[in-house]
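Participant: Here the protein sequences line up with chains A and B, keeping their order. full-length UniProt numbering numbers the first residue of the first sequence as 1 and each following residue consecutively. full-length UniProt numbering numbers the first residue of the second sequence as 1 and each following residue consecutively.
Treat each hint with caution, since some may be false.
The list treats identical chains as interchangeable, and a pair is accepted whether it falls inside one copy or across any two copies.
Unchecked claim - As a list, the in silico DMTMM-like pairs of lysine to aspartate or glutamate whose alpha-carbon atoms are at most 20 Å apart:
#, residue 1, residue 2
1, LYS585, GLU549
2, LYS351, ASP589
3, LYS451, ASP609
4, LYS351, GLU539
Because the hints were derived from the structure by calculation, they are not lab data.
There are 2 protein chains.
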Amino acid sequence: MVGEQQVVDAAAAPRVPVPPARPLLRTVGDNLMETFFPDDPFRAVAREGAGGRGRRAVAALRYVLPCLEWLPSYSLGALRSDLVAGVTVASLAVPQGISYAKLADLPPIVGLYSSFVPALVYAAMGSSRELAVGTMAVGSLLFAAMLGREAPPGENPELYVRLAFTATFFAGTFQAALGVLRLGFVVDMLSHAAIVGFMGGAATVVCLQQLKGILGLRHFTTATDVVAVVRSVVSQSHEWRWQSVVLGCVFLAFLLITRYFSKKRPKFFWLSAAAPLASVVAGSFLVYFIHGENHGIQVIGYLKKGINPPSARDLLLSSSHTMVALKTGIITGIIGLAEGIAVGRSFAMLKNYHVDGNKEMIAFGLMNIVGSCTSCYLTAGPFSRSAVNYNAGCKTPMSNAVMAVAVMLTLLFLTPLFHYTPLVVLSAIIMSAMLGVIDYQAVGRLWKVDKFDFCVCVGAYLGVVFGNIEIGLSIAVGISILRILLFVARPKTTVLGKMPNSTNFRRTDQYTAAQAVPGLLVLRIDSPIYFANAGYLRERITRWINHEEDRIKAESLESLKCVVLDMSAVASIDMSGTNMLEDLKNNLDRRSIQIALANPGSEIMRKLDKSNVLRLIGDEWIFLTVGEACDHAQRNCKTGTDAVQCTVAV
Amino acid sequence: MVGEQQVVDAAAAPRVPVPPARPLLRTVGDNLMETFFPDDPFRAVAREGAGGRGRRAVAALRYVLPCLEWLPSYSLGALRSDLVAGVTVASLAVPQGISYAKLADLPPIVGLYSSFVPALVYAAMGSSRELAVGTMAVGSLLFAAMLGREAPPGENPELYVRLAFTATFFAGTFQAALGVLRLGFVVDMLSHAAIVGFMGGAATVVCLQQLKGILGLRHFTTATDVVAVVRSVVSQSHEWRWQSVVLGCVFLAFLLITRYFSKKRPKFFWLSAAAPLASVVAGSFLVYFIHGENHGIQVIGYLKKGINPPSARDLLLSSSHTMVALKTGIITGIIGLAEGIAVGRSFAMLKNYHVDGNKEMIAFGLMNIVGSCTSCYLTAGPFSRSAVNYNAGCKTPMSNAVMAVAVMLTLLFLTPLFHYTPLVVLSAIIMSAMLGVIDYQAVGRLWKVDKFDFCVCVGAYLGVVFGNIEIGLSIAVGISILRILLFVARPKTTVLGKMPNSTNFRRTDQYTAAQAVPGLLVLRIDSPIYFANAGYLRERITRWINHEEDRIKAESLESLKCVVLDMSAVASIDMSGTNMLEDLKNNLDRRSIQIALANPGSEIMRKLDKSNVLRLIGDEWIFLTVGEACDHAQRNCKTGTDAVQCTVAV
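All chains should be modelled from the sequences, with the hints used to inform the complete structure.
Facilitator: Structure representation (structure tokens):
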């Protein structure tokens, strides 16, 4: 709202119309649509409107099962690419699955189960083409931390596993519910900075946990904070196994180097993808031949053959532990969504197509619900895997199906091969993956662009590293929400001035050339006016006026006749807002200062009209542009003393 | 950002400058000042800068103790008005104090105590001249409901009283803390609609509770919801005392009529002010002479003489009940602030002076802390009392001191007179007061102006009436917060069009005259762009573009060459926001559509510059006005296909 065309006679200028009243239901409907269906998801269905019910049904089905969109036109070329990608991802998924399962204190086999069924579900329902389904390190750690406290896996492993399935079930239900209720925006409430900090902290903690495997320790603290871990490591220095340390460092170095290479040359992506499997194979052979288990190198041990057994019966939906499972499920569910959707969207952005957040939530939800009934634990779309999938040139979610089949074959025939796989290798795999998650550059950018975001990020990081994951998460969420409230409670108000030889009005604090119009004060309000900021805005505007009058006194200028409020940035207003304007008007009347509004939107006009504030201010003091308002005020306002009886030349 | 002057050559137009980098500390400092000291409280102190340390100290002291501002210039005339007002308020305060104490299940005498000490504290520290300190009905009811559950006053009255003092202490500490930490805006998070609904519901519940007194029942449900109350009333129909019913109705009628009169003719304010005391006196005499206590009319009974005994020792700061007291204190504290500050501000608005919210919080806090150590329970600035004070023509907070002295005299000499005061009169007093609190007109206005606010209001009301006070409160707060989040997560984006024979750009949905510029899409974003809405905005803008292209295809118009984002309403942007713009730019490049920004603020320019998005978009695509942006785009963009290599005529 700034920058106007000189209008010789304000009366001739187009007035701001009060929009005609609209049927209540229609307004409500429109608002609900805008709020919950901003992405217009049923466009495709609506398009088929002409095609009759049958085609509409097909379109709807296609909306629910995106695979129906790409399957019909699925080509052999696409299949080839997806095969390559799927197999590559599988070679990463198998060792990662086992490692993360260990991280979650679950039987290694569960990790493999979790890369099978959920991937199939996502292949059918997912709308991202690059996302590769699998378990996530942070989620696994959260399971170990939150559920382990309730049912130490050491004491009662069976209960612990059941709790894990239950938590997964709740996570899935929660995710699906968010999607169905179109509450996708809840995920947006976690700021990017908070996520970076939280993820970084979690990765650090996970790395520290791996010291257990690398050093070959048998006992280890269950606490996750750096202090406890370091103490527990140092206190057991006599227990360190040099063999395991050597092995670990060798493999870690190998993995990091391969990752470095494939980062350098994207066409070497397969290096980093195959490296984990390679190290698992190498490690297993090594241990097998040198009988490493006798030299204090722990191995995975027996893995039973066969695909996922059903686990629906194991869910503890009504027991004393249910609440813990629920809490764990909700927290991990949110984190899974936050990461998964972010990953999906960033790749979609690269290939220039759109990922529907709410659809993804439903897909994730069903994926986990089905998973919880087939011996899987929490799955999402981890970045590392999806990146490999993308670099391997996947074309459709079919790559997930391919991976699932590959994992299934592993489950059916190859599990015995993992008997001699040393845990230290798994630790190395996790560590190298986690070191990739810590995003230094992002932190640097945050510092450069937005110091506050930087603090949020660091706060979350420190909370995780020195407190525990929940503390870090609540710090992140807390600061994010507080920031939103501050944004809302402290909107910007700026003084506008006239730009030389033009009629544009611009912020005086931004453009030194902008000159105040004598006798007038032009203020712009940069936010909707409603209960959360009405009080503040009243005070702030009054303060602007006081300052202006002080200045006028000090420089003995022409006294203040009129305050022009530029309303074009005010998107909406509520009862408290209209009351605020009413108070302001009365207040200024007493100080015999006229008030004028420039370019209020239609919602504003409607509300002002209904609340009679429009009549109070006077229709003739509402203008299309700031320029007209100023001209009019200068022509029709006597100096201060009797400005109230401003006469209007209409 | 709308309305521009035709500029013949875009190159000649004033460019949008990138503000020079500012020292970090200074930026942080300014932001903190704007956020926490928007009302510039230290202005007075700063003014004395020249006057040296001494005078600055005086000014600071004056800031802490507002009474130092008006005492020096306190005139005899003011004293006379304050005497009248104070005595009038006292005549209301005494019966009301006793009644509300009964409502809170506390000994009646505590109600009198609570009108003495806190009033003195506020007289010294309060910055509102009309606010009259006293106990509040809703707060009293909350005490009875929340503390009564923990320690039924019937079983252990002594513990209950101590809990009440403790809760008051916590309320005060919480209020003071909010004030000292300048977190006044927390109170604003309760929307006006929510408060109206909640207060109305509470008033209804309080009235229902009075049926006990009116019907002369001895046993009554502790539940507050309408169902339980009605059941308990009906089930005891045989216990009803006609004498008490008659007495109650007579007095209630008397009180309502007087209130009606003084509403009609403000100069009869003393009628409504004196009526309660009058009915107490009349009731007492009546009961005394007809020995009403023998006819089943319950009376207050013995009140011991003397002023507030110290109660600091009674505070339960570390017991099993502390948590309940803390919870009660925080909730009632917030409600007390919400009502008190609202009352203070509305009267200040009438007399055209300013009430400092944070200062008031500190005053309220100390008032309650001191009160809790002198046998008082929660006090605030109830509307009914303050209105009487205002109508009685009070000039300064001195009227509170006068009232306090009057109450003190009552405590010292007149308490025996209340021995025969019938409870039914107290019930009548409470009822008439509460019927005044239910604000029908406000609800009507809400329905007329804002349907959503109306729903919030009704929701809170029903929650209180059919659930309980906490439920109602959490509904109110919950909806308010949800609404804020929605406001934030779903900002407005509107399409702008060129107004005929002017260069103003206005919303096409508001002004039918506004015409789209061929080949261009002008969008205005009406909110800061940050993590909470960046994702949504990306989707919404993309959707606008898609729709536009559909339209173009349908009507086979000139293809879309350039999207102009009007940024003038974007007050700030964060990392997620800049990332969003970056994504959008890349995305549009792929669709070979140019992007241009119009009138971004200095914060935006700084952030865009630091995050290199400015370089990505290109300095030559940032414009001072939408008009310039459009002219430039039309001149320099080839049609769609190769818009990316737009040449710039600079």
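Participant: Could you check the structure against the hints above and give me the numbers of any it violates, in ascending order?
Facilitator: none
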